[in-house]
Amino acid sequence: MKIRSLILLMLSISFFACSDKKGGPPSISIDGSSTVFPVSEAVAEEFMAVNPNVRVTVGESGTGGGFSKFSNGKIDINDASRPIKSKEDSACKANNIAYESFMVAYDGMAIVVHPSNTWCNDITVEELKRLWEPSARDSIMTWNQIRSDWPVEQIRLFGPGTQSGTFDYFTEAIVGTAKECRTDYTASEDDNVLVQGVAADKNAFGYFGLAYYNNNKDKIKAVAVINPKSATPVLPSIETVKNKSYSPLSRPLFIYVTDLALERQEVRDFIQFYIDNCAKLSESVGYVSLSVEELSIEEAKLAKFLEAHPVKTAQ
Amino acid sequence: MRRKEKFIEALLALCAGISVFTTVGILYVLVSESYGFFATVPLSEFLTDDQWTPLFADQHFGIMPLVAGTLLTTVIAIALALPVGLTIAIYLNEYAHPKLRKSVKPALEVLAAIPTVVYGYFALTVVTPFLQQIFPELAGFSALSAGLVMGVMIIPIISSLSEDALFAVPKSLREASYGMGATPFQTSFKVLVPAASSGIIVSVILAISRAVGETMIVAIAAGQQPNLTANPFVPIETITTYIVQVSTGDVERGSLEYKTIFAAGITLFIFTFILNNISFWIKKKFLQKYE
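From first to last, the protein sequence lines stand for chains Y and Z. Our numbering applies: residue 964 is where the first sequence begins, and numbers increase by one. Our numbering applies: residue 74 is where the second sequence begins, and numbers increase by one.
Pulled out of the complex, with its shape left as it was, chain Y reads as follows:
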């Protein structure tokens, strides 16, 4: 007990000792969505390989967590797996933080079950809603309550934690309101925990980002989601997200950057590099790249901004 307290104390001291900043080479701080994180991390790595004097740090505290730092001016760039909310926007305004946003890739959300699950091959949006809406708590507990020919067995649910953009997006797309969701399921911010949970439980049912499904295809099985418009079941894949037939569980990913940061040369270079390379790098980490037209729109948006706001030379 006492030894543990001591270790805690030492840890907290070393934590505070590390928190000083300023000085040193130019650096760019990125935080936000754990979904966008792999893209930003890949871009940052490539960027630092070309510009070894710039230090880019990428955190992953969730879209919401990132925006709260972003609106306080603590970070330069926020990775977001959904557009900024009006509440977050007014927080930025209150602190005089102006910003630009750029779309960088698409992500799909995969609905997954255990590989030995033979009954659940497709699911409708209504069935998903019935399973995940708040009133399902303690009432929708077995598979046959979703579809009557499914087995009378406990269904065990896995999903992202409440701070993740994936959670916000799923609840908004399925239940109708962001963050409205039943609460009796295993919620983790760590997608690997979810993969592990679904892979180990034949009655598991979960959802998370497409990239995590693509990387674990041997351990889990994807469920086709019936497209409400075409009424056909569509499996999640890079192709179906790209041609937009996998709906409604695919979404664009964004980066938000403050205008103040965009006045710094290293940030301008970085964002330019990001947009030039996000198509290639987003696919290498398992996401879906924007179309050529969409990319050129983002390119034009950046060019227009950079022209209107000349670089501020460092003092």
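Hints listed in this document are in silico derivations from the structure and should not be mistaken for laboratory results. Yeah, the Cβ is synthetic: ideal placement off N, Cα and C, and Gly gets one too. Careful: at least some of the hints might be erroneous.
Among chain Y residues calculated to face chain Z with C-beta under 10 Å, some are [said to hold, decoys possible]: (1) 1027; (2) 1077; (3) 1081; (4) 1084; (5) 1100; (6) 1116; (7) 1117; (8) 1124; (9) 1142; (10) 1146; (11) 1147; (12) 1149; (13) 1153; (14) 1156; (15) 1166.
Residues from chain Y that keep clear of chain Z, each with C-beta distances beyond 10 Å, as calculated [as the list claims (entries may be wrong)]: (16) 1063; (17) 1108; (18) 1113; (19) 1184; (20) 1232; (21) 1235; (22) 1252; (23) 1270.
Position chain Z relative to chain Y; hints supplied.
Below, chain Z alone, put in the same frame as chain Y:
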């Protein structure tokens, strides 16, 4: 010379003070931070609500599902560790050859030296799939698997301390028992165990408080779903797991959600504090003095 002695004394006192100050500091942080929590959430709701969902839109702040998860894994762990640990202690003390005892005891204590994160993944990737062969309804994360592995982890606490207690029973008692014609089994259970009972009980209480505070094993293998249940086959969440989940997650510092971990922490602190005091009290009260 005297000044040097004074200096050394001050240095030693400072070292001793560190642990006291740390405890006081932690207690202060726990109380002051959870004060803010209890200003918003009444204590009655904290103790009686049967849902713990502080991170969701529909917030409930009932600690009971977390307490239930903690107690469930602890009970499973003790149910395994007490019989096994005590048996080991009796075997080593009464039956095993002294040479064997000398080599087995340190080997047993190695169990306590395995990092708990290793135990956690052992539970998740080896024990759970094995148990699923026996109990097909067992979930991927479960109190059973985490509890059993935690039980293995605390075996050395019980066996080692109990063995010391048994060893400390005066020879005269043992010899008198054999002299009356008792078998080793009778001597162990009718004479030595009762005589060493205070030490054995203390070992169990220390093991319980270790199990209540254990974090990595349950965080990895028991799940993250607050669940007011006594069913060992389903995912649960312990107090410690919740604290890990929130403090490594994205909860905004200073928010009510953030303060919940201090409320959970103080609950945990009260638990282990009471247990440690009980063990202290038992040690004093039931210590059987011979000679």
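Taking the hints in turn, this is what the structure says about them:
1. With a cut of 10 Å, the hint placing residue 1027(Y) at the interface with chain Z holds, because the nearest CB-to-CB distance is about 7 Å.
2. At about 9 Å, the closest approach between the beta carbon of residue 1077(Y) and any beta carbon in chain Z falls short of 10 Å, and the interface hint on this residue holds.
3. Because the smallest distance between the Cβ of residue 1081(Y) and any Cβ of chain Z comes to about 15 Å, over 10 Å, the interface hint for this residue is violated.
4. Look at residue 1084(Y): its Cβ only gets to about 21 Å from chain Z, farther than 10 Å, so that hint breaks.
5. Hint on residue 1100(Y) holds. Least Cβ distance to chain Z is approximately 8 Å, under the 10 Å limit.
6. Taken as an interface hint, residue 1116(Y) checks out: its beta carbon lies about 8 Å from the nearest beta carbon of chain Z, inside 10 Å.
7. Using the Cβ-Cβ criterion of 10 Å, the hint placing residue 1117(Y) at the interface with chain Z is satisfied: the shortest such distance is roughly 8 Å.
8. Hint status for residue 1124(Y) relative to chain Z: holds, with the closest Cβ pair at about 6 Å, below 10 Å.
9. At its closest, the beta carbon of residue 1142(Y) sits 4 Å from a beta carbon of chain Z; the interface hint therefore holds under the 10 Å criterion.
10. Taking 10 Å as the C-beta cut-off, the interface hint given for residue 1146(Y) holds, the closest approach to chain Z being about 4 Å.
11. A least Cβ separation of about 7 Å between residue 1147(Y) and chain Z falls short of the 10 Å threshold, and the interface hint therefore holds.
12. At about 5 Å, the closest approach between the beta carbon of residue 1149(Y) and any beta carbon in chain Z falls short of 10 Å, and the interface hint on this residue holds.
13. At a threshold of 10 Å, the smallest CB-CB gap from residue 1153(Y) to chain Z is about 9 Å, leaving the interface hint in force.
14. Restraint check, residue 1156(Y) versus chain Z: the minimum CB separation of about 7 Å is within 10 Å; hint holds.
15. Among the interface hints, the one on residue 1166(Y) holds; its C-beta lies about 8 Å from the nearest C-beta in chain Z, closer than the 10 Å criterion.
16. With a least beta-carbon separation of about 23 Å from chain Z, residue 1063(Y) lies farther than 10 Å from that chain, consistent with its non-interface assignment.
17. The Cβ of residue 1108(Y) lies farther than 10 Å from every Cβ of chain Z, with a closest approach of about 17 Å, so its non-interface assignment holds.
18. Non-interface status of residue 1113(Y) relative to chain Z is upheld: no Cβ of that chain comes within 10 Å, the nearest being about 17 Å off.
19. Distance check for residue 1184(Y) against chain Z: the nearest CB is about 15 Å away, which clears 10 Å, and the non-interface claim stands.
20. No beta-carbon of chain Z comes within 10 Å of the beta-carbon of residue 1232(Y); the shortest separation is about 29 Å.
21. Residue-level check passed: residue 1235(Y) sits 29 Å from the nearest beta carbon of chain Z, beyond 10 Å.
22. With a least CB separation of 27 Å from chain Z, residue 1252(Y) remains clear of the 10 Å interface cut-off, as annotated.
23. Residue-level check passed: residue 1270(Y) sits 36 Å from the nearest beta carbon of chain Z, beyond 10 Å.
In summary, the numbered hints that this structure violates are 3, 4.
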